[in-house]
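Going by numbering that gives the first Met the number 0, the sequence shown runs without a break in its numbering and finishes at 124.
Quick caveat, the hints were computed from the structure, so don't treat them as lab data. Watch out, some of these pointers could steer you wrong.
[Said to hold, decoys possible] Calculated cross-link-like contacts (lysine-lysine; reagent style DSS-like; alpha-carbon spacing at most 27 Å):
#1 Lys-97 / Lys-26
#2 Lys-63 / Lys-15
#3 Lys-40 / Lys-12
#4 Lys-4 / Lys-34
#5 Lys-50 / Lys-97
#6 Lys-89 / Lys-15
#7 Lys-34 / Lys-97
#8 Lys-63 / Lys-97
#9 Lys-34 / Lys-50
#10 Lys-34 / Lys-95
#11 Lys-12 / Lys-26
#12 Lys-36 / Lys-4
#13 Lys-46 / Lys-89
#14 Lys-63 / Lys-89
#15 Lys-63 / Lys-26
#16 Lys-15 / Lys-28
#17 Lys-4 / Lys-26
#18 Lys-18 / Lys-63
#19 Lys-95 / Lys-2
#20 Lys-63 / Lys-46
#21 Lys-120 / Lys-12
#22 Lys-15 / Lys-95
#23 Lys-97 / Lys-10
#24 Lys-63 / Lys-95
#25 Lys-120 / Lys-15
#26 Lys-50 / Lys-15
#27 Lys-122 / Lys-4
#28 Lys-10 / Lys-26
#29 Lys-28 / Lys-95
#30 Lys-28 / Lys-122
#31 Lys-46 / Lys-15
#32 Lys-95 / Lys-36
#33 Lys-28 / Lys-2
#34 Lys-18 / Lys-36
#35 Lys-15 / Lys-122
#36 Lys-18 / Lys-95
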Amino acid sequence: MDKRKVIIDAKLKALKQSKFRSSFHLKEKDLEYIKDKGIDKINSHAKDIIKQRLAPKVITNDGKQTPMRGHPVFIAQHATATCCRSCLYKWHHIPKDKELEEREINYITSLIMSWIIAEIKEKSH
Numbered sequence: 000m001d002k003r004k005v006i007i008d009a010k011l012k013a014l015k016q017s018k019f020r021s022s023f024h025l026k027e028k029d030l031e032y033i034k035d036k037g038i039d040k041i042n043s044h045a046k047d048i049i050k051q052r053l054a055p056k057v058i059t060n061d062g063k064q065t066p067m068r069g070h071p072v073f074i075a076q077h078a079t080a081t082c083c084r085s086c087l088y089k090w091h092h093i094p095k096d097k098e099l100e101e102r103e104i105n106y107i108t109s110l111i112m113s114w115i116i117a118e119i120k121e122k123s124h
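Please model the complete structure; the sequences and the hints are all you need to start from.
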């Protein structure tokens, strides 16, 4: 098992212990959207959303840039504490006052996608 998967699995387990973070789940329309677009497209959306809304050094509306609904990635961001720079710092120890590096963007995207895939598996049982 690769190191990043171990880290992501451990982080997802920790997030499940949070009453707030564990309250987020994909709804039927989110699952339909994922099915319609395909998982690769959702991954692409996740990376684009992170680059646009989370990666810049300065975010004027930090803490309010991620809606609570409207796209499966937004739901996943709240569930994985990747919704704003404050949550990124608190849960993932990624400093606020810097532009995100490519490896951090990749980590966040992988975490979001791992959560989404787990949700899909859970809902399909």
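Now for the hints, and whether the structure bears them out:
1. Lys-97 / Lys-26: violated, 34 Å
2. Lys-63 / Lys-15: Status holds; Cα separation ~23 Å.
3. Lys-40 / Lys-12: Distance ~26 Å between Lys-40 and Lys-12 Cα, so the pair holds.
4. Lys-4 / Lys-34: Distance of about 24 Å is within 27 Å: holds.
5. Lys-50 / Lys-97: holds, 13 Å
6. Lys-89 / Lys-15: holds, 15 Å
7. Lys-34 / Lys-97: Violated. Lys-34 to Lys-97 sits at ~35 Å, over the 27 Å cutoff.
8. Lys-63 / Lys-97: holds, 18 Å
9. Lys-34 / Lys-50: holds, 24 Å
10. Lys-34 / Lys-95: Roughly 34 Å separates the two Cα atoms, so the pair is violated.
11. Lys-12 / Lys-26: It holds: about 21 Å lies between the C-alpha atoms, which stays within 27 Å.
12. Lys-36 / Lys-4: holds, 25 Å
13. Lys-46 / Lys-89: OK: Lys-46 and Lys-89 at ~21 Å, within 27 Å.
14. Lys-63 / Lys-89: The hint holds at about 16 Å.
15. Lys-63 / Lys-26: Measuring from Cα to Cα gives roughly 22 Å; hence the hint holds.
16. Lys-15 / Lys-28: Within the cut-off at roughly 23 Å; holds.
17. Lys-4 / Lys-26: holds, 25 Å
18. Lys-18 / Lys-63: holds, 20 Å
19. Lys-95 / Lys-2: holds, 24 Å
20. Lys-63 / Lys-46: holds, 19 Å
21. Lys-120 / Lys-12: holds, 16 Å
22. Lys-15 / Lys-95: holds, 24 Å
23. Lys-97 / Lys-10: holds, 22 Å
24. Lys-63 / Lys-95: Distance ~15 Å between Lys-63 and Lys-95 Cα, so the pair holds.
25. Lys-120 / Lys-15: Holds - the C-alpha atoms of Lys-15 and Lys-120 are around 16 Å apart, at most 27 Å.
26. Lys-50 / Lys-15: Given pair Lys-50, Lys-15 holds - Cα atoms ~25 Å apart, limit 27 Å.
27. Lys-122 / Lys-4: holds, 22 Å
28. Lys-10 / Lys-26: holds, 22 Å
29. Lys-28 / Lys-95: violated, 33 Å
30. Lys-28 / Lys-122: holds, 12 Å
31. Lys-46 / Lys-15: holds, 23 Å
32. Lys-95 / Lys-36: Since the Cα atoms of Lys-95 and Lys-36 sit roughly 32 Å apart, the hinted pair is violated (cutoff 27 Å).
33. Lys-28 / Lys-2: Violated, at roughly 33 Å.
34. Lys-18 / Lys-36: violated, 30 Å
35. Lys-15 / Lys-122: Holds. Lys-15 to Lys-122 sits at ~16 Å (cutoff 27 Å).
36. Lys-18 / Lys-95: holds, 24 Å
Violated hints, in rising order: 1, 7, 10, 29, 32, 33 and 34; the structure is consistent with all others.
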